[in-house]
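Novice: Knowing the structure of chain A, use the given hints to seat chain B on it.
These protein sequence lines are chains A and B, in that order. Sequential numbering of the first sequence, starting at 1, is according to the numbering used here. Sequential numbering of the second sequence, starting at 1, is according to the numbering used here.
Treat the hints as calculated values from the structure; they're not laboratory data. It is possible that part of the hints are untrue.
Unchecked claim - Going by beta-carbon spacing under 7 Å, a handful of chain B positions derived as facing chain A:
#1 Phe34
#2 Gly43
#3 Ala105
#4 Gly106
Ideal Cβ positions, reconstructed from N, Cα and C, are used throughout, including at glycine.
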Amino acid sequence: DTAVSQTPKYLVTQMGNDKSIKCEQNLGHDTMYWYKQDSKKFLKIMFSYNNKELIINETVPNRFSPKSPDKAHLNLHINSLELGDSAVYFCASSPIGGGTREQYFGPGTRLTVT
Amino acid sequence: AQSVAQPEDQVNVAEGNPLTVKCTYSVSGNPYLFWYVQYPNRGLQFLLKYITGDNLVKGSYGFEAEFNKSQTSFHLKKPSALVSDSALYFCAVRDTNDYKLSFGAGTTVTVRA
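So that you can see chain A by itself, here it is in the shape it has in the complex:
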């Protein structure tokens, strides 16, 4: 059973398009996250939701919009894609936001903008 799953695994699209990445966790966790890993492997938090409430909203372009329909799902919608958006996007979850508990990561979605 996959704990944190993401779809799609690969996404190739052209500049200017709008795309979404979906994330689901079956761990019963309250908190979910989106991270961006760039080509140099730097990992940066983008957003976090705790039980459908936004608790972390880093400085990212407003073309990026997270949506959490319920605490098991956190989707990432990206408008007007740019070349610089090419990266691997990771979803993660943890039992609570902050605190002592570790995060569980999905397999990643490799986004390539051409």
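Specialist: Using the frame of chain A, we list chain B on its own:
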């Protein structure tokens, strides 16, 4: 503010030799410290964490890490490295008063046979 530094981009060791991956941190409060490993084309996997108590923590796959408050360090160690330990290792810190987990830049470990 919180931050993590991993001073080595790469660590190369021979199989069977000890492996150390260095990490130093900066927080305003007390730190919660974590190590994760990323294999090629995979997500991050949790290895171990320090929350409080014993400064030496043991984790998955024979890894351990030592918390040193005076040196603000949390180095990852394995007494005898395996070729299968070759991967990208991330140190991460969370201040006790922060939701965010801040990651270091990562250290690529290569274990040669």
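Novice: Could you run down the list of hints and mark each one as holding or not?
Specialist: Hints, verified against the model:
The beta carbon of Phe34/B comes within 6 Å of a beta carbon in chain A, closer than 7 Å, and the hint placing it at the interface holds. Among the interface hints, the one on Gly43/B holds; its C-beta lies about 4 Å from the nearest C-beta in chain A, closer than the 7 Å criterion. Interface restraint check for Ala105/B: the shortest CB-CB distance to chain A comes to about 6 Å, inside 7 Å, so the restraint holds. The closest approach between the C-beta of Gly106/B and any C-beta of chain A is roughly 5 Å, which is under the 7 Å cut-off, so the hint is satisfied.
Violated hints for the displayed structure: none, as all numbered hints are satisfied.
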